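Dock chain G against the given chain V, drawing on the hints supplied.
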Amino acid sequence: MSRSPDPPAAADPRQLRRIIAEDAHWFLNTVPSLSNLCLQSIVNHFEERPIWEGLSPVHKDFVQERLSTSMPLHVTANLIHDGVYWKRCCENRGGIRDLTHYGNSWKRMFFEKHMENMIELFIPDVTEPKTFVEMVPLCKDYIKRLNISQLLPPVTEPQKKEEEYGSELVIENEDGPSMDHFDFNIMLDKLTNLEEFHVVYRVKQCGLNFECKMFEMTHRDCESLAKAVKSCKTLKILRLNLSHMEDTKCRLLVKYLLDHPSLRELDLSHNLIGDKGARAIGKLLNRSSLETLNLCDNNIGGPGAKALAHALSMNSTLLSLNLRLNRLRDEGGQAIGKALLNNNTLLLLHLGANEVTWPSAIALSKVLVQRSTLKSLNLSCNNLGVDGGKALEEAMSNNSSLTECDIRLTEVEEQSASFVNQVVWTNQSLEQRRHARESKTKKTSTAVY
Amino acid sequence: MENSDMDPEEAYEPSEMFENEEAKSGASTQEDEEDPDMKVDEEPYEIHEKQILPQRVINLNRDLTTLVTNIQTAADAKESLRRAELEEARRLRLERLEKDLKSSQEIFEEITRGWSLSTQRAIPQELHEALNNQQQLCDALIEDKKKLINDLQQELKVGDDRYVKDLRKQTEELDLMMERMEDQIKTLIKAYREELTQIERVYTQESEILLTKDKIEWDQHMKGLWEEELKRLKQRTVKVEEYENIIHNLMIETWSKHSIIQTKQHASFQVLERESKQLRMAKFTKTHTRHEIAESKFSLTNIKTRLSRMKKQMANLSDKYKSQRDEFTKKSRYLSEDYKRKIKQYERIQKQLKHFAVADGRKFEEMWLMIDAEVKQLVERALDIDSQICKQHLGVAWERPVMGFMELCGPIQPQGVPQLLHTGQDSQDSQRMMDPSVRKEIEAEGSAVQTESGAEEEEEKLPMETLKGVMELLCDKAGFLMEDKLLKLLIPLGKEEQTVVKLGSLLPYIGIEEEDIPKLAAFLLKYRHQQREQTEDVCDGSAESNNKAEEEETEPTTHLTSDLDPYDVVPALKSFLRQHMRSRESSARQHLHEAARDSSEDEAYWQSMGSVICEDQLRLWDTAENKLRQYQAVLAEISALVPETESLQQQNRELRMLLQQTLKVSTDLEM
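Sequences listed follow chains V and G, in order.
Counted from 1, the first sequence has number 1077 at position 64 by my numbering; the numbering is strictly sequential.
Counted from 1, the second sequence has number 110 at position 102 by my numbering; the numbering is strictly sequential.
If we strip away everything but chain V, and leave its shape as in the complex, we get (with noise of 0.2 angstroms):
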């Protein structure tokens, strides 16, 4: 090294050829592989000339790391299997959510994302329908869920104006067909995979723009929502929320819903369901193989109560009835009350926030007594009162099935309360021993098989 960097250093060839070994990248394997080369050219024009089944697992993985997450789907969707491409792709549209909620496929994540915020950006009269009919061949196979949480109404603004310019008259113009939201129909009978379909009729962070119809379905959506459910045949949950629903709307929707082949879950929570309606869903209860019933914050009352106590009493599919913040009364409980004494398979019931008072409570105790198959009852935040309270008392010492029951702010005496309690928690522990034997029996039947 101290030599100068002379003559003879020069004359000598093999001083000249030098590795630099100082540099730290420097590897042997800097050229990469023919085959490499040819994966990375063929991620390179994937698009004009989509080359997949060919190639062997390894290359297929390489592919999928290097492809471009903006390739247009109609290549992609069906040729390119679940992994990490899709994973890519929804990296790419915005976070990642539990992959556990989609059936562990990164796939059906990005679809049903992708299917999701493309209804939600719709806007109707503005966007072109076309390109749904696009979209969905290529995603019908991996759509199973749709959880649209907004839909735009269409744009207003112009009729806006003339609102500020025009007087009171022009507004009956207004509504006309243009407040009406996106059309499933177009779409959702294709989707021949969808088990769950939640919908709700509203607009998010909508800031100052807001108007009451922007949370409002209008007639004709319902209208082309029942018929788009009933053409899904696949279809198992159906939620539809805070979407301003009344009677009429309802009515119409169970129309279309009365002998539905799949549907089990109808949740229509946080509407404005009333008598009416409820009357209709009573209908709908024995002419559908529903299992799970939410109309919680609705406006049902007594008589719509009856309709359904009446369906109740005929029914033999409903596991789970949830009719939390109605105005039942007692009218609605005792009806309840006595249609469960016919029936068989109603697990769960909730009573709360009804104006339930203490006639009801003695019919659902009869109930308690005479019947096991109730597991859970809730009658919270109803003024049962002290005579409520006893006959929940004495209907529990005779009763080993009940595993819930809340009477939390229903003005029972304490010591009925703790009773109650006292019983259902033996109860739980007894069900659990029981669990646990069936448990034990199966294991040891499989051992033996």
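These aren't lab readings, by the way, just hints derived from the structure by calculation.
Please note that the accuracy of each hint is not assured.
Pairwise CB distance ranges (calculated) [what the hints assert, rightly or not]:
#1 G:Asp169 with V:Trp1438: 39 to 49 angstroms
#2 G:Leu89 with V:Asn1434: 56 to 66 angstroms
#3 V:Ser1389 with G:Asp169: 37 to 47 angstroms
#4 V:Val1168 with G:His136: 54 to 64 angstroms
#5 V:Ser1162 with G:Asp169: 27 to 37 angstroms
#6 V:Asn1105 with G:Tyr211: 32 to 42 angstroms
#7 V:Val1044 with G:Tyr211: 32 to 42 angstroms
#8 V:Asn1411 with G:Asp159: 53 to 63 angstroms
#9 V:Val1168 with G:Asp159: 31 to 41 angstroms
#10 V:Gln1428 with G:Ile224: 33 to 43 angstroms
#11 G:Thr195 with V:Ser1054: 55 to 65 angstroms
#12 G:Glu235 with V:Ser1442: 29 to 39 angstroms
#13 V:Trp1438 with G:Ser215: 44 to 54 angstroms
#14 G:Tyr211 with V:Thr1113: 30 to 40 angstroms
These numbers come from a predicted model, not from an experiment.
Glycine included, each C-beta is placed from N, C-alpha and C at the ideal position.
Frame of chain V, contents of chain G only:
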């Protein structure tokens, strides 16, 4: 149906409800979160029902969930209350509106009535009044309406404020709920951890307890085993000892029995022997003791049979003895013959030896003479050469060195060796001449020592009897050399045998062979004589002693034992031994001389021959040689130059010839 009327308050409801729903969903998720926990943690407890049920955890679960859900139920209650209030308010409002409607209707009717009245009126003043009245009524109506509208608007405002307040409250409640949920999760996690640690502790304790129990059990078992083993071992050792004792006793018993039997048998044997002896005695004294025979008739037959057996044995033995004697005589004869043959062989070999010795001597002499002559010739030649060198080359006068040995002819001392060979053992003188030192030593030892020849001469004279006497004497006197045991053993033997055996054992001690015994005897006799002579010399010789000596000389055998002083025997023996040893050595030496004659002088002789030319002469020779070499080289050079000179001469001659020719030609030409 009433709700469908779009109350301003109702308009806000969806969002409010949404809040509610959120709260509910939060609660439901909370419940969802809890449920798996419940299942997860309760299953193991189910499995281990023996242990303390985790009542605390269950209680915690219940209490915390109720704590969380309490908020929800409270919200529900509030909501229902609010709804009731709303309904009430709505009812009141409707009533009021109806009232208002009625009153306004009345006023309106009044107004319309007033209008109809006013048309009937023609007088302008009245009309004016009526109009004013109408206006007032209208104003009142409008005021009423406005008032109503204001009230309603105020209500709406209050409702708005309340809604906002409710929203805030709900957010607060939601926050509280979240907090509680988090607290619940934390506390539950803590509780579960504690539970887990407790369970672990319980398990470890249990396992430890079990372990210790097992260990203790194991130790106990081991101890028991060891003790048993030890017991067994002890029993074993005890048994072994017992058995040993028994065996010992048995052995002793058998021994004692055996000895008893032996003694008995001995006794019986002795008795029998005695009896037999007695019988024999009886046989000898048959005539006297016939009555005894009668007594011992019983044993007689026995004895007779024995006797017959004995006789048979005797006969056998005698036969054997005879045959063996014959064999031995044969053998001895054969051996004696062999011995004679060997002696003859020996003599022959001796003769051959002598013959070869003589022949060798002769050969040696001839060889000597021949080699001597050769060497002398060589010497002569050397001297010649020397003389030549001296005279011719060096020109020095040469003298013939003195050489006495040149006159000698034959080997040196030819007179000594042949004499030895011829005279043999008799040549005392020559021996003396050969070994004067030895001779002197012998003489110094004492005058008592006579020459061997004398002893040998006397050996033949000594009769066997004297020899015997000497032997016995020797045996007696040198008895201290023998072992006591041997002496004891020898007691029963006869005198002659005794002496023979004693001699046999003595001789190796002293270091004398049997052949030397006669010599010894003679020596002893002589020693005694000398002693006596000495004593006689001391006493100036008494006639008696002289006589005695003479007597002894004449009859030595008779007086030998008595004369020989026993005290002198030992010193005599000693001196004999000394001399004997010396004589042996000298004889060995003599043999050596015979085999290889003295060659020391030979060497000198030959040396003198070799050194005829002395060292100086040799040196002179060397220098002369060198010089001659040089001279020869010069001569060689000269000889090499000779042809050259010759050629040169020839050339010269030719040139001269040419010159002459030319001269002749020139003269001719001139001529």
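Verification of the hints:
no.: 1; hint: G:Asp169 with V:Trp1438: 39 to 49 angstroms; verdict: 44 angstroms, holds
no.: 2; hint: G:Leu89 with V:Asn1434: 56 to 66 angstroms; verdict: 25 angstroms, violated
no.: 3; hint: V:Ser1389 with G:Asp169: 37 to 47 angstroms; verdict: 39 angstroms, holds
no.: 4; hint: V:Val1168 with G:His136: 54 to 64 angstroms; verdict: 57 angstroms, holds
no.: 5; hint: V:Ser1162 with G:Asp169: 27 to 37 angstroms; verdict: 29 angstroms, holds
no.: 6; hint: V:Asn1105 with G:Tyr211: 32 to 42 angstroms; verdict: 50 angstroms, violated
no.: 7; hint: V:Val1044 with G:Tyr211: 32 to 42 angstroms; verdict: 60 angstroms, violated
no.: 8; hint: V:Asn1411 with G:Asp159: 53 to 63 angstroms; verdict: 56 angstroms, holds
no.: 9; hint: V:Val1168 with G:Asp159: 31 to 41 angstroms; verdict: 38 angstroms, holds
no.: 10; hint: V:Gln1428 with G:Ile224: 33 to 43 angstroms; verdict: 54 angstroms, violated
no.: 11; hint: G:Thr195 with V:Ser1054: 55 to 65 angstroms; verdict: 60 angstroms, holds
no.: 12; hint: G:Glu235 with V:Ser1442: 29 to 39 angstroms; verdict: 53 angstroms, violated
no.: 13; hint: V:Trp1438 with G:Ser215: 44 to 54 angstroms; verdict: 33 angstroms, violated
no.: 14; hint: G:Tyr211 with V:Thr1113: 30 to 40 angstroms; verdict: 33 angstroms, holds
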